[in-house]
Amino acid sequence: MVEWDFLAVFADFDLLMTGLLNTLKVTGLALLFGVPLGLAFALMRLSTNRPLSMIAAFIIEFFRTTPPLVQLFWFFFALPILIDVRMTPFIAAVVTFSIQSSAFFAEIFRGGIQSIDKGQWEGAKAIGMSYSQSMKRIILPQAVKRMIPAFMERSIELLKTTTLVSTVAYADLMFQANDLAQKTFRPLEVYTVVAVMYFVLIFVFSQLSIAVERRLARSGESTVH
Amino acid sequence: MSEIVRIENLHKSFDKLDVLKGIDLSVSAGETIVLLGSSGSGKSTMLRCVNFMEVPSDGRIYLHGDLIGSEQNGRMNYRESELCTLRTRIGMVFQHFNLFPHMTVEQNVMEGQLTVLKRSQTEARDKARAQLERVGLADKALEYPARLSGGQKQRVAIARALAMDPDVMLFDEVTSALDPELVGEVLKTMRQLAEEGMTMLVVTHELGFAYHVANRVLFLSDGAILEQGEPQQVLKAPKTKRMREFLDGHSLFKLPD
Ligand SMILES: Nc1ncnc2c1ncn2[C@@H]1O[C@H](COP(=O)(O)OP(=O)(O)O)[C@@H](O)[C@H]1O
Ligand SMILES: [Mg+2]
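Those protein sequences? They're chains A and B, same order as listed. Just so we're aligned, residue 1 is where the first sequence starts under this note's numbering, counting upward by one. Just so we're aligned, residue 1 is where the second sequence starts under this note's numbering, counting upward by one.
Calculated from the structure, these hints are not laboratory results. Among the clues, some could well be false.
Said to hold, decoys possible - Facing chain B, according to a computed beta carbon distance under 10 Å, are these residues of chain A, among others:
| no. | residue |
| --- | --- |
| 1 | Gly119 |
| 2 | Gly128 |
| 3 | Ser130 |
Unchecked claim - Covered stretches of chain A, going by a simulated chain B footprint (3 or more residues, C-beta under 8 Å):
| no. | region |
| --- | --- |
| 4 | 121-127 |
| 5 | 134-141 |
Yeah, the Cβ is synthetic: ideal placement off N, Cα and C, and Gly gets one too.
In isolation and in its complexed conformation, chain A is listed as follows (with noise of 0.2 Å):
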């Protein structure tokens, strides 16, 4: 019979909450940074300039099909000898993360914005609109509308992939983990704990995703014109 014993774990509960702040912290700066990004690559890969096209569908490709330790062991390791930067374990976890799931935004950008019906680029146009002024004022906000649901996914995804950080000694809630596991000898108190915590995390992160959707859908209407 295993002795569940879970005051070990919440004597040293700090240093799990330092760990979750730290994930929260690179999970945030990924999506303040990768969203923009994404939308960039999204216009680059839609634009009519074949070269600027092609040169973001490669980058998004290419961040999207390689694995994101890859990625990471790549900035952290390969970049600086490449050029002369100092690397530590927190640049290199935002950088990663934010261009990685940028190339996830970027297809979910580009998505959303081809759902939208041509007529409404007919409708923009024919009023005297630009390109760039139909985008902003017509298309993006109607494509950003429907791109809710699979962009909390992808951040989602994006706080589960940030676990991967432990690996390069970024203190975040994994590392704090395995930390907490070595010191008091109860990985499985550990391990249940931090299980829970994620679990919380992502649960009132998509219910709040849930709310946030129901009240686009009450306020505007749905996107048939």
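Place chain B with the ligands on chain A using the hints.
Leaving out everything else, chain B with the ligands in the frame of chain A:
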């Protein structure tokens, strides 16, 4: 009457398909011209070339006597910014309305005024209200398009185009997607515009509208204008076999005697 639009030798082809094979037309101020023709005869393409939703393959288009674009080595060149400005002066209404669903009716009518004409909020709102009044929808200003009937949506689309103060309005089968009982309200709005002196180019299958409202009827066939003239003449005494066959196919819409 002063000339608003002149089309000279307009050609348009898509890849190998020659849709328009040399169209000439002069539209005077206040004129309502109805364009007839069977499906696929190029009516939409012709309208869309007038406001450069499609770029003509050849030919010239003038607005108020000014040539659109510039000629270089025998080919026409068009700058996108010039075309955007041109489109503010040529209103267009579509079969499927193309209203912006994420904006209220009023915002729809204000959008072009704000982003393209750079009018102030106050001015744009006043103008929007006035145009909605004109099409009989002042009370719907704050609704979203999804809550309107098809006929109301189309009248909002007309108001949206009118709010730009265009010199000419293009209508491309604007009643074709409507339930039969809603067609009348849109045609009535268009008739009112014609009577107010708006210059209009109208593609429609509503022969009654052509008969009663148009100053001139054109029949497009095989990418060229096969017949044109006053509605009484063209609709009641067609000269060509093609035109007679076309009219026979429209016996549903009976003409007044
Ligand atoms: N963007 C396009 N690309 C290729 N073919 C087109 C395009 N637009 C129209 N066409 C073709 O041009 C012809 C005329 O079309 P259209 O002007 O829409 O006719 P109408 O409005 O009289 O029914 C049709 O054969 C149609 O398939
Ligand atoms: Mg058509």
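These are the hints, each one checked on the structure:
Hint on glycine 119 (chain A) holds. Least Cβ distance to chain B is approximately 4 Å, under the 10 Å limit. For glycine 128 (chain A), the interface hint holds, since its Cβ comes within 10 Å of a Cβ in chain B; the closest pair sits about 4 Å apart. Proximity of serine 130 (chain A) to chain B holds as hinted, the smallest CB-CB distance being about 5 Å (cut-off 10 Å). Coverage of the region 121-127 of chain A by chain B holds in this model, with 6 residues showing a Cβ closer than 8 Å to a Cβ of that chain against a need of three.
Figure legend: the region 134-141 of chain A, annotated as covered by chain B; annotation consistent (3 residues with Cβ-Cβ distances under 8 Å, at least 3 required).
Hint violations for this structure: none, all hints satisfied.
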